[in-house]
Every structure is written in C-alpha cells, then in structure tokens.
Amino acid sequence: MITMPFYRGILPLLFLTLFFSLVNHQTIFCQQTVKITGIVTDETGKPLNAVSVLLKNKVNGNTVGTQTNEKGAYTISAAPDNVLIFSSVSYEVLEVNIGNKKVVNASLKLKSADLDDVVVIGYQAVKRKDATVAIGSVNVDDLKKAPVSSFDQALAGRQAGVQVSSNDGQPGSNVNIIIRGANSISQDNSPLYVIDGFPREGADAGRIDPNDIETMDVLKDGAATAIYGARGANGVIIITTKRGKNAVPTINVTSWVAQQSNIKRMRMLNNIDWAKLQIDNTLSTPPTDYNNYLIDGRPFKFYTDSTKTFDFQDVIFKKAFMHNYSISINGGNATTQYAISGNYLSQEGTIINSGFTRYSGRLVLDQKIGDKIKIGINATYSYNKTSGISPSLGINGSSSGSLMSSILGFRPFVFNSDSANNAFLEQPIDAGNTSSTNYTFNPLLNQRNLVRENKAGNLFVNGYLEYNLTKRLRLRITGGIDYTNAQNIIFNNENTVYGSPFSVIGANGPNGSVQHVVTSQWTNENVLTYSLAASKKHQLTFLGGLSLQGYKTSAFTVSNSGLAFPNLGIYGIAQSNAAGLVSVGENSTLWTLASYFGRVQYTFLSKYYISASVRNDGSSKFVSDKQWSFFPALSLKWKVTEEPFFKKYKGTINDLGIRFSAAKSGNNRINAFSYLSQIASSIGSVSNNSSLGAFGYTFNVGNPQANQFPGAIVTVMGNKDLKWETTTTYNLGLDASLLKGKISIVIDAYIKNTNDLLYNSPIPTSTGFQRAFKNIGSIQNKGLEFTVNTTNIKKKNVTWTTSFNISFNRGKVLSLTEGLDVVPVTVGWDNSYGSSPAYLLKVGKPLGSLFGLVWDGNYQFSDFILNSSGKYILRDNVPSNQSSRTATAGAAPQPGDIKFVDINKDGVINASDQTVLGNGFPLHTGGFTNNIRYKNFDLSIFFQWSYGQQVHNANRLRYEINGGPGNQFESVLNRWTPTNQNNEMFRAGTGGPQGPTFYSTRTLEDASYIRLKTAQLAYNLPQAIMKKWKMKQLRFYISGQNLITLSKYSGFDPEVSTYYSVLSPSFDWGAYPRARVYTFGINLTF
Amino acid sequence: MKKTIAIAALIITLFSISCKKFLDVSPLDNVVVENYYNNDAQVKAALTGVYSSFINASYSRYMFADFSSSDEAYTSSGNGGGNGLANNVYLYQFDYTNPVINDFWQKLYTCINNANLLLENIDKANLKKNVRDNYYAQALFLRSFAYYLLVSHYGDVPLRLKSTSNLADISAVRASTDVVYLQIVNDMRFAIDNLPTATTLNTTSRISKTAAQAILARVFLTMAGAKPIGLANSTYYDSVITYTKAVVNSGVHSLNVSKQGVTLPDSSYAQIFINESQQRTDFKECLFEATFSGNLTGAFTLTGFVGYHTGPPFAGTFNDASIGFNFSFVNATATLYRLYGTGDLRRDWCITPYYYTGSASNPAVSSAGIGKRGYDNVLYNRYNGKWRREFETLIPKSRFGSPASFPIIRYSDVLLMLAEAQLLSPNGDKSEALGYVNMVRRRGYGVNIATANAAADLTSLTLKNIMDERARELCFEGVRWTDLRRWGIWKSSMSDLLATMMADGLASRANQFFSLPANNTVNFTLGPLMAQNATSSDKFLLFPIPSSELGTNSLATQNFGW
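From first to last, the protein sequence lines stand for chains G and X. Each residue of the first sequence is one higher than the one before, counting from 1 in the working numbering. Each residue of the second sequence is one higher than the one before, counting from 1 in the working numbering.
One chain only, chain G, in its complex shape (with noise of 0.2 Å):
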C-alpha cells in the first residue's frame, strides 16, 4: 500500500478541499448573530454601487459576502466579533469593527494611482510609499482606452524613462522599447519581461490581450532590476494578468469596431512631369525630337494627349477594418478564484493582403488548499495571424525590389482608353523597365498574388504552489513552459515579382515555402521568504530564492519552384514541374540559464528603508570559466516627513522621500555559441553579391555538374574569452506628495556605465573574418525622469486628473578597445549603399549618431569656367564631388550638380569627407494626459511627443534623384536648371548629377514630432438604468489614435525605423504609413 500510485491519493485529496471549500462559502455561523444594515458612500457622500462587504469571523476565518444595491444598501448577518470589509475596485479597502453596532455606515475613499499603491519589485510586491527603487505603475486604465492590438503600441509617452517607438505603421510591426537610454549594442535593447512570474525576453505583445492586463510596473533603476540580474541591464516591465477574485462572479464583455486610414501619402510626379524628367535625364539640352529620348521609344506627345496620372497609392492603400471583442468571467470566494477570458481581434492594414488576427483564451485558477497552501494556474493559448509582406523588404540587396519601391516608383500613367488601361494595370512590369537591377513589379497585381503567412500558436502556461512553512516563512515555487509552435508561409505564384517569368528573380516561377518554427522555454523558481516579527521600531525581510530557466528553438524549412499548379498555393508545393529545385533549411539553437538570488529589506521606524540584494546567474552562452557572474545591489531611503522637524509642512508635503541607489546588471544577449568557432559544410552557390559565396567546388572529370563537392569552411569565429556585458547604475531620486495627494511627483535622476559591450564586431579581414563577438567597449547614459500627476478636480459631478511625464537621456561611447576607433554601421536597404555607413559608433558620441557628408546646395555657374571648348571647367578652390575634377568624360562636376562641404580640403569629395551629422535618438520625450469625468461622460486625451531625434530618410535617396524610369517625389519639380538655378534640387540626369553614394545631410530630417495620440470621450449608462436592465455598467466610448500629428518630417511619419536596430535607430526606407484610427466601441459589465 505503501507504493499507492501517487494520484490516488492526491486527487481525491484536491476535490475534496475544493468541495469545502465551495461548501464553507453557505455555511452558516454557529455563533449567535445579528443583523447589520448600512450604507456605504464615497467621500462626497454618493452611495456607491456593487461594493463588496465580507464578513471575516475572527474565530474561525471563514468569510461571508454580500454587495450593495444601487442605494449603497446592504445587509449582513454578523456576529459582534467580526469584521466587516468594504472593497471596490477603485476605492481604498476599509474593514470596520463590528462591536455591538447594528448600522455601520462606510465612506469609502478613491484610491489614488500615487504613493500608496502597490508595486512589484520582482518576486515582491511592495507598497509604492515603502519603494526604495525608481519603478514606474503604467496606468493600465489609460494604456487600454487605445484601440491598438497590442499593449506595447500603446505604451509610448505612458511612463517616464520608457522610450517607445515602432518600426512602421504595419500590423504586427516591431515595436522597440528602451528604458532609460539604450545600453548595450548587442542586437537587442529591449527589456526583460516577467509576465505572471516567466522571465521572458520579448514580449510578444501581440499574444496578449491587452484587457487581460490588471497591472504594469516598469522597474527602471539598476537596484530594482538586478534582482533579475544577466537579464536586467535593459530594464524590467513586470506585467501582472487579472485573475479570479473573492466575489460574486462578474462578467465584462468589451467590443469595439475601428476604422483606419493612412494618415498621409507621397505626392508624387503626374505623367507630362514624368515625362519631362525623363528627357531632361538624358539630355542637357532640349532635343527637336523626342522620340529617341524616351526609354519606352514613345514622343513626348504620346504622353501629353493619351495618357492620364495613375498613382499606385490611390488602389494600394485603402480604408481598413479593425474589431475586437472580449469577454471575461471573474469570480470565486475565499479558497477559490477563477478568471476565464477570451478574445478576437482582426485588424485588416491599410495595404492591401495585410492584417493581423488574434485569438485567445485563458483561463486562471488559484486554490487554497488548507491554511498553509495555496495554488495556482494561468493558462492561456493564442493564435496569432500576421499577413502581408514587409514593404520596405528588398531584393537581392536592392530597394527597388520592395513593395514601397514599386507603388511609388512605377511610372504614373495610364492609357486614356479604358481598354488600354485595363492591360496597363495587369502588366506585370513597366515597361520602360528592363535593367537587370531593377525589381520594380506591378504592386498590385503582386500584393494580390502573394502570400505571406505567419500563423503562430504559443501556449503559455505557469502555475505556482505557496506554502507557509511557518508563519513567517513562505515558499513559492513556480513553474511554466511558454510554448510557440509557429508556421511561416511564402507563396508567390506568377503574378509576382518572386515568380513571374517577366521579373528578373521568377525564373523559376510560381515557387513556395514553409518554416515550422517550434520554440520552447521553461522556468523554475523556487522563492523563500522571510519576514521578521514587526514592530513599530523595525522591520525586516529577507527573500532567497533559486531559478533554472532553459530555451530551445528549432526551424525547418522547405522550399520548392518550377510548382505545377499555382492555383493550389501553398498546398501545391510538392508538385513541381522541374526536379531539383527542393531546398531544406534548418536553424536551431538552445540556451540554459541557472540563478541563486537574495534580498534583504530593512525599515527603521517607517523612516529609514535600506534594501540590498545579490544574484548570481550561470549562462551556457559563455565558456564554462566565464559563465558565472555576480550582481549586487543596494538601496537606501529615506523618508524626510517622518521626521519631526518636518512635522509642520506636513500639511501641505504630506509624504516625501528621497531614494538614492547603486548596483550591477548584466546582458548576454548574443547568439548561444559566439564562444564557439564552428563549421559548416555545404556546396552553396557563388554570386557576385559577395555576402554569398561558394562552400563547394567542382572536380572537372566526367560530367563536372555529377562532381560538385561540398566543401567545409569556417563560418563563425569563436571568441572564448567572451564574458558578460555589465551595466552599473547610480539612482537619485524623489518621491512626494502634496496637498493631500492632489499632486504628487516622481523626479530620477540616474547614470548608467555599460562596460564589456557585447558586439558582433568587424575584426580584421586577414584574419578570414569579417566579424566575431567580442566585448569592445563601454557606454555611458545620462539622464533624469519627471513625473507630475495631479488631481485638478475632485466633486461628485466633475473630476479632473492630469498625467504628465518627460524624460532626458544623453547617451555616449566611452571607450572601444582594440584600434576600433570607430565601427562603422550600414544599413541594408540597398546594394548601392551597401558600404556606406549611414550610422556611427564613435567614442564620444553618441549610440545611433548619423553619418555622412554635409550638403551643400548645388554647383553653380560660379563655381566653374568656361573654357575655350565650351565646357564647364571647376574652379580650382571648389571641391569635385567627382574623383576627377576635369575628365574628358561626363564624370567631372556640371552646374547644377550636388554639392557637399570637402571637410578635409583636400579638393575631393569621398569618404574621408564624412562625419557625424546628428542624433538618431531623442533628446526627450514624454506624454501628457487628461481624463475628465462629467457626469456620465468622460473624456481622457493623451498627447504623446518625441523631440530631437534625425531620421535619415532614404526614400528621398531613391524618389528625389532625378534619374531612372520610374517615379519621383513632386519635389524634383524644382530641380537645377539654367533657368530654375538653385541651392534645394539638383539638375537632373542620371548617375552624375546626384553625386557619390553617401548618406548625407540633404536627407537629414528632424522626426521631433507631438501628436495626440489617443483620445476617448464615453459615456457611461446612469445607474438606475443599470439597475433596471440588471447590469453593472454599460459604458459606449467613441476612441482615436494618431488623432493629429505635428512634424516637419516629409515622409509618411515621422515615427519611423524600418531597419531598427539600437546602432540604426531612425532610418526611414519604404515604412509601412501610419494609420490614423477612429474607434466605437460598448463595454458591459454584468
């Protein structure tokens, strides 16, 4: 009996205490009883609806519950020993003393979102007044009252300290948040995320229900993050999902439906302006007779009396549909809570053939088992759909392959005869488009044809077991697996640019491919917690606690051409028409992380706080005598109005403290085997794009095509003195709250050294490489946080709350090791930029710094003589944007030609001309909030800003150069010309005119942009309606987002980073525009 299998015992064990616990609920009280009657107001004196009061016995624990009805009226049987608790949602909790009293009557107070909150610390929570860290509540009721798909693209401007950007306006589109100033270099800046407890390293916002979400603190200051330590160098954002709660079971369904459309759109060259460009591109002056000089053999004329403007923008982009709805159950009592939700969310994009699609499901269960157990589960699956292609992806390296590149750039006309236009607009490629290089495709016949997939299902389970071994001393265990089975579809059929036998790339045709991508992380904790006796003089608490954590991803791929039967999709993958064209691609990697962690907090008469904590993490991404590595901190507080010299400005300062911090974190965000040099063996293809290359060769005997040898070469270059990147961080900071919490401010200020950065940095090409991690250097940032929030009005039919948060980062590179004075930073938008660095790392400058020659107008006559042969001569003081000042050939500088400032004086505009030409990141940025109740209406604004930041827009690289067959910006109407000479536009041409190919401050933007990014007014049902349909609230709200933006920028928005990375921060190639969103929506509560 002994061996009885474990189950047996424990189920029946598990139904029984949930029966009892079910039972206890009913049960009625031995002890005599009385009946107690009141009612329960707010402080104005309103009664206050479905507020609900539990009965606790002191005797025997249990609890009892009621609610009051609309007259703030309820009624209980109690017994003069117990106690009465009063709770709301947005009101403080307040127990009464029962006595010998019959009416007790309750005047709740409004809970205020300052000082007496509690926040999570990481395994702690802890009351915000008793905070001696910088940790920052999000406001999650704000943060909602976007209608955005997922919590993150809603976050920028919310809390100080947290910069938010998004890549593009795309559905599902990456959005980067960096906490105070980005840190490390190495790819990933991003926070930490703990969600319910799982340490995880994006967030994957998309899978969440952003109404799921109760809390969100952001832990921003080193001594708040190390107790996550290797992980805790980018920041933490701690978010807490709502579960089940002691109370009779509500339900709350939230739907709204949204319409977006594109805030703004490129004006581009008409047909006779086309047309004209591309004589002027050919000739410098004005030929007798066009027909030559038109690319596609047609006379000017053909185009000023048959055809009409077409812009691709007018059929592409269009209105889109977004809905949501979500429900949720909430309820339980006092053993056992439960949350039930889901959700669907379907968001078309303002491009045609993109969306994003949710659904979700969760469930929570939390269980006491007895007095000293407690358990619980979090459940919840998703499936993800994001469709639709990027559109500022390229081809074969180059630009004009992207969506973007088509839609704008494709020649702008159409035939006047419908016909005519009909075919026009289902040819493939325009047909003055020929070249090799050259992509461009009829983008809506291939936004039509493709198919871009990525469905993605991620079960997300954790669950913990709370144990009070004694009474002082707790354990929690936790436990999760977050678990993402992903498939990626490619299909491009022949109307695409990817297998259209007309494209230069579909040579294969009609050709498809899926990635199954299966990732899995697991978690253990285990935490011990230790709290001293109190007293009102000290107390103490200690925390110990132990995590293993370990990754795994692994990708497969098949692809195949030549397919035989287009019409099947992706489905049709197997059947291909040619042998040999089945391609396997695989990708795997795993990680393991091992923890220890401790903590102490002490307070000395609720006046002097010191808390200090210790973490030593192990990581198998580093060789085994590096992989330990140890992560103090310590911080102090101290609370001014306690003291007794304060005690006369404590009527109006009625709390400050004063906090100051110092400690150690880390970042090991690299490829799991950097310190490893590996081989690969392969036959792999040459090409003159040089980042391919050939692995194998060919034996020539026989049929060489038979004798093609894999050959094995050494693809990564291990460094095995790799080691942490550590971040120490200094934090001053001060809390207060003034007149009797109407205002209360939060200001940071802090410095944060990251030494050892990790970076997958250029070594010497003699070595055979071109790159290996290595730790190359350390960064410094700067920076200091103000946060204002302030209740202006405060009466039973009015109130008005003010938010208000700005922040100031200044980040530089204090040192790089090894003769790198500098690492030059490219982006890969296109092959003609491909060497030319558009950003920066420079010892002290800094992170994200612009790069590239300063402009200077264009070539004037001035600048030239005119020699005896007719020819425009440079002057010998003027620099040559030209290797040659004087060629024979069209190659030297020509009046109307770009300009830039020779910074070396040596004569010649090249490389060595370029230098730093401003900042990728802001200088501050912020939010500012209002929500004002009246009445039944409330009204909430958020405006959001960013300020200072240059984005280097490329666009204007590729539609304001005056040269090749397709489109170009309407700004080239304004080019150089003898009779139009100017300092903006140069003269058009092709190749010369436009000059070297460097990024320079001629398409340098200042992005700083403000915008009134949400807006909600709703309107909430009075309650004695409420009463009559049997709800608690029914609440319609009409809602905007991007609502108004004010920029200089010229592109589609000026926030913008389509090759985002913390070295490329604002760089601005075929973004996806931003939409502007109007929302209505209902939420029903009962």
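Worth flagging that the hints you see were computed from the coordinates, not collected in a lab. A portion of the hints provided could be inaccurate.
In silico SDA-like cross-links for lysine to any residue, where the CA-CA straight-line distance does not exceed 20 Å [to be verified]:
1. X:539 to G:911
2. G:245 to G:1031
3. G:242 to G:93
4. G:242 to G:254
5. X:44 to G:678
6. X:539 to G:678
Following the hints, complete the assembly by docking chain X onto the known chain G.
Positioned in the frame of chain G, the structure of chain X alone reads:
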C-alpha cells in the same frame, strides 16, 4: 528559525548539485572546429572548401572583369560591376572602401585561414602518409597562391601562417613583399615535391605538380619585375627558366592544336575556350583552372560570370536554351585590336566581330565585321569574346551565371614566360626563346606549330615582342594587370592608351543613349575617363589596403597615395 535555515539549506543544496551540468550544452546544428578534421572525408571537404575560395569572387568575376581595365580592356557600360560610377574599379574611380577591393582581400584571407586550419589539424585524421602529404601539399600550395594574388595586388600584406584562434591579439603588421615572396616560394617548392602529376589527376581543377611549377614560375617572374609588386631582381629569371623548363620537360603538357570545326572562326586557339565553355577538361593546355559548373537550376549552383560578363552581348531570357543571356561589361580596346597581324586568327576570337540581335526564341547574328551599333567606325564597341555562351552545352542557360571555367594558367603562358626569362636572363638561350614565341604565334595563325611559317614567325625577339605577344595570346585572362606593372610600363601604357582613345575621337562619344540588347547604356567616354583616371596617380600601381582591414587592424598602414 532553525527550521527556516534547514529548509533553505536543503533547497539550495538540491539545486546546486545539477547546476554545473545544466549549463553545459552544445550546439544543435553546427560542428565545432575542435571536433572536425577527424577522417578522410572531413579533411577532403575542408580541402574542397579551400579550393572554393578561388571560384568565389576572384576568378568568378574580379580577375577578368573588375580588374581588367588596362590597355586591353575597358567598360563602356555605366553598370559595369554594379557599384555605380562613383566607386568603380573598372574606371579607376574608387577608394579603399570599394566593396570589390574589400571582397577580393577578404575572400583570399578566408582561403588562407581555412588552409591554415587544415594544415594544423590534418594530423588528427588517421591518413596514409602519401594521402596526407598530398592533401597537405594542395592546401599549402593554395595558401601560397592566395598570398601571391594578395602580394601582387596589394604589396605588403599581413602574413598569417597560423589560423585565427584568439581575438585578443589579432592586429598584424604588413610583412614586406620580399618576406611574403620568400614564404610563397618555400611553400610552393615544398608542395611541388608532394603533388601528383597532371596525368594522374586527369583534371584541370586540381593542382598538379607541373601546374604548381608553372605558377611558381609566374611568381618568380613577378618577383624579377619592377617594384612595388616585384622585387626588381633579375636573378629570379633563372628560377623562371628552371620551373618552366620543368613543365616543358615533363612532357605532360602541350599546346592544343585540335579543333572541332566550328563556323566562326575555326581555330585550335578558339577551341581552348570552347572547351572551357563546354566543361571539357584539357589539362595539356590548361594546367590549372577555376572550374565552374551548373546553371542554377536545382542544386547546381557553382556558376561563375565567365561567359556572362564576357562574350557577345545578348538579351536572352531567364533560362535560355539558345544563346544565353549575356551582360558583357568588358569591351576590348582598339589598341588590343590593332596589335594583331593579318592572318592572326586570335583577333576575331578574342574580340567579338559580331553581336546578337533578336530575341531568345529567334536570335540572329549581326553581320560579321560590324560589332558596333550606330558607330560603325568605332572599334571600341567590341567585346571580350573568348568565352561565348552560344557554345555552352548545359541547357538551360541561366540568366545569372554560366558554367564556363576560367584558365588560371595555360601552356602558352608557360612558353611565353620561358621565352621572356631566357631573353632577360644573362644565362638565357635567346634562340630557344624565339622558338617558343613562334610556336605560340603559329598556333594563333592556325598553322602547324612545328613548322616555320613566314606569316606567323618572328625573326628576332625583343621584350616588346613578348609584351605584345602576351597581350595577343593571354588577353582577358587576368594577367595583364600584373604584366604591365612588373614591366614597369603601367603608367606609360595607360598614357598611350589615352592618347589613342582621344585620337580615335572617343571623348566626344558621351552619353550615347540608346537601348542595347542587354539594356546597357553605352558611354564610350568611359574609356578615356578610365585611362585618364589611371594615369592621374601612381597609387594605382597597388590596390589600397581595404577599409575592412584598415579600420580594425591597428598595425595596418595604407599604401602610398591612397
């Protein structure tokens, strides 16, 4: 309290036991260097990887296209090389950031590092001694050949004889050319002793004893030549004689004199290149080649740009069964055209006398002798015609590459090197030299190579004769760059070329915009521009040390003038 400590201690202990092992994980999908080179198959694959370096970039394009601009070739296409006009090696309009200059360097050093790893690790595999020595010699030879290409293009270069293993100390000084040459010579000599004969190998793609001897002779010839790529020491001509003689006396190699009877022009000289296009191995003439294969359908991906950047241009379709798409970036100069004498069959093979019109389904040969569009009198609109896609037999013909191979060294080169060394060495047999030159010439004229022929034969021999003969025989084969520099006549040749081009009126042929079959825009002024740029500075005697090295190697210095 005691209980607390006991529980905490228990948990910590349980946890700690497994921690060390828990972090010990290995890559799933890659082999670590330490676990490789364990058997014959792995060493063989590693050796193949070393060979692959030469069909990557250098002999797939750069050696005969980007670096070809000289008195024999230029580009009339603004697209040439795809780097835009501003940073273009074809036009001598580039700097140390140029991607081609960077890539050429990097690929050669990749070869060197992979060879070093093989040399260091080969003894881990349990191989028979002769097998091991053969692999070792091949890897050592290929490393030396990579160093030869480096030193003859960049001058002083870092000499890395050990694989890169430690990133802490990776900066390296540039070894002077004489040190690099000494290493090359010693290593090649060692390799020669251990390499199999060409007859045993029966392939042009693997290095044989005689091929290694021929290339070592080329190294000595460069060393004998002018600085900065040579050591300006004429005693090395005797070593050239030694090694070329070894090739000649081996009896393994000979000039190709057979022909298949193709229509235009029917010559055994043309047959050499038709063999390359048709993937036939001919080790008698071609001692060593960069072998390409495949047509980018399915797994056959080892294509090059031979026959794709060269030959008569044609706007074929994507997978063409007829002529085959051809970009043809490389034009021949009139200077080269005029070097050929009457009756020399090599001229109209090396320089296309025609081009293709029509479409892939209906291609047409333009009438012979035109070879130019719009400007019938301009010789400059003719292309390098050595490899012609119409002769390729692998169908379909890809738009993006060709299986035609590229000869790294041919027997006629060996004979001309021998003749040159005999002429310039005090110990050389001058009359024998004349004989070798005439053998080469007779084959070019399509007459019996063993019989005297008044039309073909020279009666006396000067260095100028050899210079011109090398141009006629070896044009577009990637040797002119080195030849002009080692003779010390680079700058004067380019000045002469500029003068010729100006006299031919090329400077006024700017911006001739009309559509060509391959959609290139012809701009003949790129010819004089190239020549003018090339003469503008002595810096073009060497390539610049590329930015990818200079920016990261704290001990690296830049070449003069860059």
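Structure-based check of each hint:
{"no.": "1", "hint": "X:539 to G:911", "verdict": "17 Å, holds"}
{"no.": "2", "hint": "G:245 to G:1031", "verdict": "19 Å, holds"}
{"no.": "3", "hint": "G:242 to G:93", "verdict": "18 Å, holds"}
{"no.": "4", "hint": "G:242 to G:254", "verdict": "15 Å, holds"}
{"no.": "5", "hint": "X:44 to G:678", "verdict": "17 Å, holds"}
{"no.": "6", "hint": "X:539 to G:678", "verdict": "39 Å, violated"}
Consistency with the previously given hints fails for number 6 only.
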